[in-house]
Structure formats: structure tokens, C-alpha cells
Amino acid sequence: MEKEFKRNISLTGNIQFTGLRLKEPMHTAAGFLGVKEALRHGFKEMGIVRSMKALLEMNQEDGFRCPSCAWPVPEHPSKVAEYCENGAKALADEATHEHIGAEFFSKHSVEELSQLSDYELNKLGRIIEPMVLKPGKVHYEPIAWQEAFDLLSDELHQLNDPNEAIFYTSGRSSNEAAYLYGMFARALGTNNMPDCSNMCHESSGVALSETLGIGKGSVTLDDLYGAEVILVVGQNPGTNHPRMLSALEKCKKNGGKVISINPLAETGLANFKNPQNVSDMLGGGQPIADLHLPVRINEDIALAKLILKKLVALDAKNSNVLDHEFIVEYVDGYDELLEDLKRYDYETLQRRIGVSMRKIDKTVRLLAENSKIVICWAMGITQHKNAVECIQEYVNILLLKGAIGKPFAGTCPVRGHSNVQGDRSVGIHHFVNEGLNHRIREHLGFEPPAQRGYDVVEAIHAMHENKAKVFVCLGGNFAMAASDTAYTAKALQNCSLTVQISTKLNRSHLITGKTALLLPTFGRSEKDEKNGSLQFLTMESSTGKVRQSKGLLKPASEHIKSEPEIIALLAHTYFKGKHPMDWKALGADYNLIRSLIDKTVKGFKNTSEQSKGFGYYLPNNVRNRDFRMLPNGMAQLTINTLPDHGLKMNEFLLMTIRSHDQFNTTIYGLNDRYRGVHNERRVVFMNQDDMEQHQLKKLDVVNLHSEYDGIQRTAEQFLVIPYEIPKGNMAAYFPETNLLVPHNHFADKSQTPISKSIKVTVEKI
Numbered sequence: 057m058e059k060e061f062k063r064n065i066s067l068t069g070n071i072q073f074t075g076l077r078l079k080e081p082m083h084t085a086a087g088f089l090g091v092k093e094a095l096r097h098g099f100k101e102m103g104i105v106r107s108m109k110a111l112l113e114m115n116q117e118d119g120f121r122c123p124s125c126a127w128p129v130p131e132h133p134s135k136v137a138e139y140c141e142n143g144a145k146a147l148a149d150e151a152t153h154e155h156i157g158a159e160f161f162s163k164h165s166v167e168e169l170s171q172l173s174d175y176e177l178n179k180l181g182r183i184i185e186p187m188v189l190k191p192g193k194v195h196y197e198p199i200a201w202q203e204a205f206d207l208l209s210d211e212l213h214q215l216n217d218p219n220e221a222i223f224y225t226s227g228r229s230s231n232e233a234a235y236l237y238g239m240f241a242r243a244l245g246t247n248n249m250p251d252c253s254n255m256c257h258e259s260s261g262v263a264l265s266e267t268l269g270i271g272k273g274s275v276t277l278d279d280l281y282g283a284e285v286i287l288v289v290g291q292n293p294g295t296n297h298p299r300m301l302s303a304l305e306k307c308k309k310n311g312g313k314v315i316s317i318n319p320l321a322e323t324g325l326a327n328f329k330n331p332q333n334v335s336d337m338l339g340g341g342q343p344i345a346d347l348h349l350p351v352r353i354n355e356d357i358a359l360a361k362l363i364l365k366k367l368v369a370l371d372a373k374n375s376n377v378l379d380h381e382f383i384v385e386y387v388d389g390y391d392e393l394l395e396d397l398k399r400y401d402y403e404t405l406q407r408r409i410g411v412s413m414r415k416i417d418k419t420v421r422l423l424a425e426n427s428k429i430v431i432c433w434a435m436g437i438t439q440h441k442n443a444v445e446c447i448q449e450y451v452n453i454l455l456l457k458g459a460i461g462k463p464f465a466g467t468c469p470v471r472g473h474s475n476v477q478g479d480r481s482v483g484i485h486h487f488v489n490e491g492l493n494h495r496i497r498e499h500l501g502f503e504p505p506a507q508r509g510y511d512v513v514e515a516i517h518a519m520h521e522n523k524a525k526v527f528v529c530l531g532g533n534f535a536m537a538a539s540d541t542a543y544t545a546k547a548l549q550n551c552s553l554t555v556q557i558s559t560k561l562n563r564s565h566l567i568t569g570k571t572a573l574l575l576p577t578f579g580r581s582e583k584d585e586k587n588g589s590l591q592f593l594t595m596e597s598s599t600g601k602v603r604q605s606k607g608l609l610k611p612a613s614e615h616i617k618s619e620p621e622i623i624a625l626l627a628h629t630y631f632k633g634k635h636p637m638d639w640k641a642l643g644a645d646y647n648l649i650r651s652l653i654d655k656t657v658k659g660f661k662n663t664s665e666q667s668k669g670f671g672y673y674l675p676n677n678v679r680n681r682d683f684r685m686l687p688n689g690m691a692q693l694t695i696n697t698l699p700d701h702g703l704k705m706n707e708f709l710l711m712t713i714r715s716h717d718q719f720n721t722t723i724y725g726l727n728d729r730y731r732g733v734h735n736e737r738r739v740v741f742m743n744q745d746d747m748e749q750h751q752l753k754k755l756d757v758v759n760l761h762s763e764y765d766g767i768q769r770t771a772e773q774f775l776v777i778p779y780e781i782p783k784g785n786m787a788a789y790f791p792e793t794n795l796l797v798p799h800n801h802f803a804d805k806s807q808t809p810i811s812k813s814i815k816v817t818v819e820k821i
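Just so you know, this note's numbering puts 226 at position 170 of the sequence shown, and the rest follows in order with no gaps.
Any given hint could be a false lead.
For lysine-lysine, the following BS3-like pairs were computed, each having C-alpha atoms within a straight-line distance of at most 30 Å [to be verified]:
no.	residue 1	residue 2
1	Lys109	Lys546
2	Lys306	Lys606
3	Lys523	Lys658
4	Lys704	Lys632
5	Lys601	Lys668
6	Lys179	Lys79
7	Lys668	Lys109
8	Lys441	Lys815
9	Lys634	Lys601
10	Lys441	Lys79
11	Lys606	Lys586
12	Lys418	Lys428
13	Lys135	Lys306
14	Lys586	Lys655
15	Lys820	Lys783
16	Lys92	Lys610
17	Lys373	Lys441
18	Lys193	Lys546
19	Lys365	Lys441
20	Lys163	Lys62
21	Lys190	Lys163
22	Lys163	Lys135
23	Lys462	Lys523
24	Lys610	Lys658
25	Lys428	Lys415
26	Lys805	Lys190
27	Lys523	Lys193
28	Lys783	Lys179
29	Lys606	Lys658
30	Lys418	Lys462
31	Lys546	Lys586
32	Lys163	Lys92
33	Lys658	Lys418
34	Lys606	Lys523
35	Lys462	Lys601
36	Lys62	Lys193
Simulated restraints, written as ranges between beta carbons of each label pair [stated by the list, open to error]:
no.	residue 1	residue 2	range
37	Arg497	Lys398	50 to 60 Å
38	Asp417	Gln744	39 to 49 Å
39	Asp804	Lys462	25 to 35 Å
Simulated from the structure, these hints should not be mistaken for laboratory data. Beta carbons are placed, not taken as given, at the ideal position from N, Cα and C, and that holds for glycine.
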């Protein structure tokens with residue numbers, strides 16, 4: 057019997073230290089240094105003229121949307137710099153002059169490339185022609201576009217069941233591409249549409265849907281400007297959503313207060329020098345957080361309960377603290393919540409939290425005296441076993457204060473990728489939506505599947521167990537973004553075909569099925585012309601506004617195609633031109649796609665016109681205090697329990713974090729200058745007392761181990777750095793530590809990974 061061929065692929069690259077330099081953590085975000093770093097990246101990757109041309113059009117009325125985060129653009133953006141340092145890095149990264157094609161891949165095998173770090177892989181440049189990795193080969197080879205579509209189409213036709221195919225979506229794609237992609241999957245016969253929301257903000261969607269009736273936030277950008285109190289929970293806006301700091305600065309200048317709740321004190325919330333403001337740049341900047349509560353990892357429910365108990369106690373003395381009129385008219389579960397709070401005492405909750413009662417009392421006073429309250433959060437609370445309950449306990453605070461459905465108040469889950477919310481809005485989801493299915497039958501003329509599909513966790517398991525054979529990725533770096541890297545890699549390698557629609561090389565292009573396709577696509581900043589007509593795309597921001605995006609740069613190659621065109625031509629090939637949807641026409645004219653979106657997707661209306669300029673908001677029931685779709689037609693207070701991690705004596709809780717030189721799994725550089733870490737990523741942040749207790753010194757080399765269900769996982773060779781982090785807690789960068797996250801441990805209801813509360817031990821080597 058012939059032995060099965062296996063490629064010798066490294067999941068981590070060649071593990072080695074890169075020359076760590078430690079400095080004091082910075083106390084001010086952005087400023088001249090931020091501008092310098094933004095321009096340095098742009099000039100190096102794109103050249104001065106091309107860089108400045110693109111930066112001046114990014115996030116402008118007739119320009120293109122930033123390819124990084126989903127933070128909304130203000131109604132009157134700065135004409136000079138409506139972008140942040142990370143946005144400039146993202147632009148430089150996708151519009152780089154560095155290109156790779158057939159000649160490059162003929163010289164470098166996938167085995168050789170897998171020895172490179174994620175940073176080194178990203179630096180290789182844009183992929184400029186379609187490539188195929190054939191069975192038994194270790195070199196990608198060029199392939200004609202139509203041959204690639206035929207190959208993928210043939211593989212799909214050979215499946216025994218449409219549910220053996222999986223269609224994953226990254227949040228980078230446009231509404232138009234995501235819509236076509238989702239409709240192709242349904243036309244094929246499957247709802248197997250896992251997406252990056254499953255790995256990050258799915259907990260927000262579940263928590264908000266159950267309590268408020270919509271899986272999105274309720275605030276607009278203007279609401280943050282006028283808020284009296286903003287809670288920033290489990291979030292590092294200075295690195296991950298830097299333009300948010302401008303909104304927080306406006307809030308502060310309007311008299312608002314900002315409270316940071318996070319195990320780490322992050323620079324962006326300490327002090328901010330706004331690059332759009334000359335006086336800020338020349339002066340001392342603007343302190344952002346009035347209070348920082350360094351809550352222990354995953355003790356947010358305890359903190360929220362303590363705040364609620366104290367608010368209820370104050371209300372007993374002065375009935376103006378809670379909004380009783382709002383509670384009576386709009387809220388269900390008030391008496392049950394009061395009974396639950398009686399089960400806990402102040403001291404026990406405070407000990408769990410690890411924050412002084414003085415700081416908690418200051419927080420309670422601010423919340424008691426004000427009603428225009430916004431709570432923002434990110435992945436610091438969405439990636440725990442009890443993530444849904446964490447979010448719902450914070451929603452309880454808003455509901456008792458009546459801080460929902462009125463100006464300058466509400467929920468603000470801050471999404472990561474630039475169109476992750478839009479992807480979900482236009483139909484990228486694994487569950488069955490009967491209303492959408494009805495409109496598909498009516499307007500698109502085919503019968504969509506009625507069976508629930510796989511989310512990310514289920515998709516990985518299905519591939520691992522050989523129940524799924526074809527895996528298609530619309531953007532992203534699935535192998536490194538998902539939890540349990542080794543398990544995920546094995547799952548991908550079990551496939552007969554893996555397909556990546558991408559701009560640049562990443563490790564997911566090296567960890568492949570028996571056959572692999574690499575289909576290069578446009579970047580957000582690139583001009584997209586079809587039949588002499590300039591096309592535009594649309595995206596949805598974190599606050600639910602849909603806006604146009606129109607690229608202006610010459611594409612990296614004449615041999616790449618846009619995402620909508622790739623999907624449309626694939627569908628045209630698969631159906632041999634015989635389908636109720638005219639796929640080929642849709643790929644050539646995006647107005648046709650938007651007309652179908654308007655007909656089939658709830659809330660979208662006249663999108664080609666309304667998305668011009670600064671766009672339009674999709675409907676949001678919470679803004680109108682409309683809870684009719686919930687039990688009793690009321691917003692729901694929830695009863696949530698405290699977590700029990702069952703930590704052993706020598707175990708820590710580890711949270712994965714980003715460095716300042718990365719966005720999601722894309723590594724722009726090796727510096728994390730706000731935290732004082734330079735030229736190194738293999739570091740672990742520890743409390744000094746914990747280090748002494750475990751006989752560790754600064755820069756000792758350690759391995760990190762996690763053990764779940766009798767299986768030990770190891771992340772090798774990390775340098776220990778003393779840092780201000782709560783005792784018993786640790787932090788390290790992802791994706792380097794994703795291999796510690798077990799694939800079968802995830803958030804209840806939402807199934808997001810437990811990447812922010814991993815039980816680990818430390819082994820000195």
C-alpha cells in the first residue's frame with residue numbers, strides 16, 4: 057500500500073528570540089511618535105507619493121474605508137488625518153510594493169516557508185496571481201483563473217452532501233462579497249458559514265439578542281460625545297481601535313467621565329495626544345480615564361454585581377438613583393434580580409475583584425449621579441466560558457439606570473475587523489433565519505437549506521473527523537486565528553481541498569488540504585473597474601451605519617480579481633450558467649448585488665444611493681425602546697453566576713493580547729512600545745510577587761502549559777517580564793499562545809474560545 061504523503065509543516069515557524077529590548081511603558085498614546093510611526097510604515101511599504109495620496113483619501117466621503125477596525129467615521133472627518141496609526145499600518149500592509157508570484161513559489165517550498173515566523177511571512181508581500189498546491193507537491197504552481205474555478209467546482213460536485221463543504225468568512229470582506237458568498241453557500245445547499253464573529257464577538261450577539269432583542273450595539277458615534285459616563289471594559293482602544301480615543305476625548309471635553317475596567321492599565325486610556333489637534337500635540341495631551349479598575353481576569357460579573365448592590369442600596373435611601381419609570385414600563389425581571397443580589401456580600405465580591413473599595417465607590421457614585429451612560433467592551437470579556445453572562449451583567453446596570461434607548465446612552469460592543477458586523481447583517485451566519493429564507497425564495501428563486509450549519513468550533517471538529525472535505529476561506533488566517541492550533545491544523549490537513557481568497561501570504565496557506573488553491577484578491581484601497589465603470593463597495597461600522605468605499609490605487613497586478621467577481625465566477629462555473637441568479641452579471645456590476653441585498657436583507661434600503669457620503673443607519677429596535685420581540689415585550693434583566701475556574705495551587709489565568717504592532721493575526725512589526733517591549737513577541741507578562749513566589753527572575757525563559765481533559769498543550773520559550781497585572785494573572789500575545797486554548801472549551805451559548813482565561817502552569821527552562 058502506498059504511504060500517504062505528508063508535508064513537513066511547522067505550525068509556529070522556527071522558534072527563536074529576536075533580541076528583546078525593554079523600556080519603561082509609555083504614558084501617552086499617539087502624538088508625534090504615532091504620526092511618525094504611521095508615516096514610516098507607509099513610506100517604507102508604499103513610497104511617499106503613493107502613501108500620502110492614499111492616506112488623504114482613507115475614511116473620506118468619496119474615498120475608501122480603513123481596512124483595519126470597524127470604528128465609525130464621524131460626520132465631519134478631519135480632511136488631513138481621519139485615520140490612526142494602526143489604520144495607516146493596515147493600508148501600508150495591503151498596498152505594499154512587495155509582490156510574490158510564480159517565480160517566488162518555484163524557489164520556496166511550503167515546508168521552507170513554514171519555518172518563517174508570522175511576521176516574516178507577512179513581509180513577503182502581495183500575492184499577484186492564482187496558485188495551486190497539488191497532491192504530493194511542496195511547491196505552489198501557477199494556475200489559470202478558469203482552471204481554478206473548474207477545480208473547485210469539480211470538488212464541490214463530487215461531495216456526497218453539500219454539508220461536506222465549509223465556507224468561512226473574515227471580517228475584511230465587503231457587504232457585496234459576503235452577500236454573494238453566503239448566497240452561493242445556500243444555493244449549494246449548506247448553512248456551513250462559520251465566520252470570525254464566532255471567534256470574537258459572538259458572545260455579544262447572543263447576550264444582546266437575549267436581553268435587548270438585537271445582537272448589535274445601540275449607540276451612535278454622537279452618543280459617545282455627549283455621554284456623562286463611559287465604561288470601557290476589557291478593551292485596549294489605544295492599540296486596537298485608536299480612533300475611538302478621539303471620541304473619548306470629545307466626551308471628556310464635554311464634561312463626561314471615563315472609567316477603564318481591565319486587568320492591564322493601557323496607555324491609550326491614560327493620556328492621549330490627538331494628532332488632529334495642534335494644541336494637543338504641542339501640549340501635554342488629554343488624560344482619558346478618570347478611574348482605572350484593574351479587575352482580575354474574568355471577575356467582571358463580581359464587579360458588576362457589587363456595583364449593582366451598591367446602586368440598589370443607594371436607591372433605597374434616594375429613589376432617584378435607579379430609573380423606576382423606565383424599569384416599570386420596559387424591563388422584566390427586576391424583583392428576581394434584587395433577590396439574586398441579596399445572596400452576595402460586599403466583602404466577598406470585593407476580594408474576588410481585587411480592586412479597592414474606594415475605587416469601586418467612586419465608580420458607583422458616578423453611575424448613581426448620572427443617567428447618560430455608555431458601556432463599551434471588546435474581546436476582554438467576550439472570550440471566557442461565561443462571556444455571555446459577563447456582558448449581560450453589565451447590561452443589567454444599563455437597564456436599572458434607564459440608560460438604554462435614549463441619546464448619549466446604551467451598549468457599544470467594539471468590533472474588531474472593519475466589516476465583521478456587515479458580514480453578519482447581509483447573511484453570513486450558520487443559523488437558519490426563516491425571514492431571510494422566505495425572501496430568498498421570493499426574490500432569488502431558489503430553496504435555501506433549512507438545516508443549521510457549522511460554526512467555527514463545529515467546523516474544525518467536522519474537518520478533524522473527516523465529515524467535511526472542502527474548506528473555503530474568504531480572507532483571514534484561519535489556522536492561526538482559531539484555538540488549539542495543532543488540532544485545527546490537523547483538521548485542515550484532513551481536507552481534500554482548501555481554498556484561500558487572500559491578499560497576502562499567511563500560515564493558513566501552508567497548512568492545507570491535499571490540494572490547495574490560493575486566489576489573490578484586491579485590497580480595500582485598490583481601484584475596481586468593471587467594463588470601464590468604477591465600482592464601489594459598502595461596509596457597516598460598529599454603530600450600524602452603512603457607507604460606501606471606493607478604492608483609488610492601481611491594483612497590485614492585472615492577474616488578481618475582486619472578491620465579488622471571484623465568488624460570482626465560481627458560482628457561474630459551478631451552476632454552468634443555469635441558476636435563477638445571474639451570477640456572472642452580479643460579478644460585473646455591484647449595483648445589481650446591492651439591489652438584491654435591498655430586497656432580501658432586513659433593514660437595507662436603496663443602498664446604492666443611501667450609502668453615498670456618510671451613509672445611513674440600519675434600523676435598531678433598542679434606539680426606539682422597542683422590545684416587542686422579547687418575552688412579555690420587555691427588555692430582560694438576567695441572573696448570572698460567578699465563575700469557578702477551579703485553579704490549582706500552581707496555576708495562573710492567562711489572557712491572550714495583541715501587541716501594538718499587530719492587527720488580529722497580522723504582525724506588522726516586533727514592537728509593543730506602549731508596554732515597553734521592543735523587538736520581541738515571545739514574552740509573558742507576570743506580577744512581580746508571582747515571579748518571586750515561583751522563583752522566577754526577569755527574562756527567565758519559560759514554557760507555558762495548559763491541561764484540559766487530560767491533554768497537555770505547550771507553548772515553548774517565552775521570556776518573563778514583570779508587569780502591573782493582578783496577582784495570579786498573566787498575559788501573552790496571540791497567535792503565539794493560541795495553541796494553549798483547547799478546541800472543546802468555549803463560551804456557553806456563543807462558543808467563542810476561552811482565550812482570555814486559560815488555565816496555565818509555568819515551567820522554567
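query = Under the criterion that the straight-line Cα-Cα distance not exceed 30 Å, is the pair Lys704, Lys632 satisfied?
reply = At roughly 60 Å apart (the allowed maximum being 30 Å), Lys632 and Lys704 break the hint.
inquiry  = With the threshold set at 30 Å, check whether the alpha-carbon distance from Lys306 to Lys606 stays at or below it.
reply    = Given pair Lys306, Lys606 holds - Cα atoms ~29 Å apart, limit 30 Å.
request  = Measure nothing beyond the straight line between the CA atoms of Lys668 and Lys109; if it is 30 Å or shorter, mark the hint as holding.
outcome  = holds, 21 Å
query = Regarding the pair Lys658 and Lys418, is the alpha-carbon distance no greater than 30 Å?
reply = violated, 43 Å
request  = Take a quick look at whether Lys606 and Lys523 sit within 30 Å of each other, Cα to Cα.
outcome  = The given pair, whose Cα atoms are some 40 Å apart, is violated under the 30 Å limit.
30 Å limit on alpha-carbon distance, applied to hinted pair Lys373 and Lys441 = With Cα atoms ~37 Å apart, Lys373 and Lys441 exceed 30 Å; violated.
ask   = Taking the beta carbons of Asp804 and Lys462, is their distance inside 25 to 35 Å?
value = holds, 31 Å
inquiry  = Checking one constraint from the list: CA of Lys610 to CA of Lys658, max 30 Å. Satisfied?
reply    = violated, 35 Å
task = Starting from Lys163, check that the Cα of Lys92 is at most 30 Å away, please.
result = violated, 36 Å
Cβ separation of Asp417 and Gln744, checked against the hinted range 39 to 49 Å = Once the Cβ atoms are compared, 27 Å apart, the range 39 to 49 Å for Gln744 and Asp417 is violated.
request  = Take the C-alpha atoms of Lys601 and Lys668, compute the straight-line distance between them, and say whether it is at most 30 Å.
outcome  = holds, 11 Å
query = Are Lys586 and Lys655 close enough, with their CA atoms no more than 30 Å apart?
reply = Status holds; Cα separation ~24 Å.
Hint compliance for this structure: hints 1, 3, 4, 9, 10, 17, 22, 23, 24, 26, 28, 31, 32, 33, 34 and 38 are broken, all remaining hints hold.
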